[in-house]
Amino acid sequence: MTILSVILVLAGTFFFFSGTLGFLRFPDCYTRMHATGKCDTLGALFCLAGMAVYTGFSLTSLKILLIAAFVFFTSPTATHAILRGAFSCKIEPWSKEPEWLIDAEVRRDGDDLGT
Amino acid sequence: MAGFFLAISAILGILVLLCLYRVVLGPGVLNRLIGASVIGTKTLIILAFMGHIFGRIDMFIDISLVYALLNFLVTLAAAKYFERKGSS
Numbered sequence: 000m001t002i003l004s005v006i007l008v009l010a011g012t013f014f015f016f017s018g019t020l021g022f023l024r025f026p027d028c029y030t031r032m033h034a035t036g037k038c039d040t041l042g043a044l045f046c047l048a049g050m051a052v053y054t055g056f057s058l059t060s061l062k063i064l065l066i067a068a069f070v071f072f073t074s075p076t077a078t079h080a081i082l083r084g085a086f087s088c089k090i091e092p093w094s095k096e097p098e099w100l101i102d103a104e105v106r107r108d109g110d111d112l113g114t
Numbered sequence: 000m001a002g003f004f005l006a007i008s009a010i011l012g013i014l015v016l017l018c019l020y021r022v023v024l025g026p027g028v029l030n031r032l033i034g035a036s037v038i039g040t041k042t043l044i045i046l047a048f049m050g051h052i053f054g055r056i057d058m059f060i061d062i063s064l065v066y067a068l069l070n071f072l073v074t075l076a077a078a079k080y081f082e083r084k085g086s087s
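Sequences listed follow chains H and A, in order. If you're matching positions, the first sequence starts at 0 in numbering that gives the first Met the number 0 and goes up one per residue. If you're matching positions, the second sequence starts at 0 in numbering that gives the first Met the number 0 and goes up one per residue.
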């Protein structure tokens, strides 16, 4: 049971590390959201599952699984809300060919907040 | 086993410091908002580990639950503010 808990916590730490690496290295705020939104959700889920396995069957492990379910629902919701705010502020997405997603009128007055 | 949880907490603390670089120096407001959300999630996990380190998991898990609620509400309120500002 302890070995399973160690494996789950190490997997969660790996996902946290890769999410932070993407958050530091990606060129745009949309791509940074793409990195952190998925990797943080999965890392928190794995870490909390490993902690619930280590705690054993009690009310505390039920609370830990409740926190895991809460994070699993609310972290993508928060990422989606930030992305709606960014798209409503008309921030231009990073791309090699800048003609394909947002039209010219949006792109002309788009960079008041930076990317 | 408490030493293992302490080591994982130290690694997560180093990752929080790396995210703090993007929060302090990152260009624009939205990068700072994403960084604050990421740091909140990592702090939740560190708080839950700290319950096993100190041996009082039943007390620390309530703090962690409240922290998850507060992190979600802060991110949602800031994103709603940006959406309303952008549409006007």
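Calculated directly from the structure, the hints in this document are not laboratory data. Check each hint, because a few of them may be wrong.
Stated by the list, open to error - Only pairs whose alpha carbons sit at most 35 Å apart, straight line, appear in this in silico DSBU-like list of lysine-lysine:
{"id": "1", "chain 1": "A", "residue 1": "79", "chain 2": "H", "residue 2": "37"}
{"id": "2", "chain 1": "H", "residue 1": "89", "chain 2": "H", "residue 2": "37"}
{"id": "3", "chain 1": "H", "residue 1": "95", "chain 2": "A", "residue 2": "79"}
{"id": "4", "chain 1": "H", "residue 1": "37", "chain 2": "H", "residue 2": "95"}
{"id": "5", "chain 1": "H", "residue 1": "62", "chain 2": "H", "residue 2": "89"}
{"id": "6", "chain 1": "A", "residue 1": "79", "chain 2": "H", "residue 2": "89"}
{"id": "7", "chain 1": "A", "residue 1": "79", "chain 2": "H", "residue 2": "62"}
Stated by the list, open to error - On the chain H side, residues computed to face chain A include the following (Cβ under 10 Å):
{"id": "8", "residue": "35"}
{"id": "9", "residue": "62"}
{"id": "10", "residue": "66"}
Using N, Cα and C, we set each Cβ at its ideal position, and we do this for glycine too.
Against the structure, the hints:
For a cut-off of 35 Å, the pair hint linking residue 79/A to residue 37/H stands: about 21 Å separates their Cα positions. Of the pairs offered as hints, the one joining residue 89/H and residue 37/H holds, with about 23 Å between alpha carbons and a cut-off of 35 Å not exceeded. Pair hint residue 95/H plus residue 79/A holds up; C-alpha atoms about 30 Å apart against a cutoff of 35 Å. In summary, the hint linking residue 37/H to residue 95/H is supported, as the alpha carbons are separated by about 24 Å, within the 35 Å threshold.
Distance restraint check for residue 62/H and residue 89/H: the Cα-Cα separation of roughly 41 Å exceeds the 35 Å cut-off, and the hinted pair is therefore not satisfied. The hinted pair formed by residue 79/A and residue 89/H meets the criterion: a straight-line CA distance of about 15 Å does not exceed 35 Å. Between the alpha carbons of residue 79/A and residue 62/H the distance comes to roughly 29 Å, so the proposed pair stays at or under 35 Å and holds. At a threshold of 10 Å, the smallest CB-CB gap from residue 35/H to chain A is about 5 Å, leaving the interface hint in force.
The interface hint given for residue 62/H is met, as the beta carbon of that residue sits about 5 Å from the closest beta carbon of chain A, less than 10 Å. Look at residue 66/H: its Cβ gets to within about 5 Å of chain A, closer than 10 Å, so that hint holds up.
Checked against the numbered hints above, the structure breaks only hint 5 and satisfies the rest.
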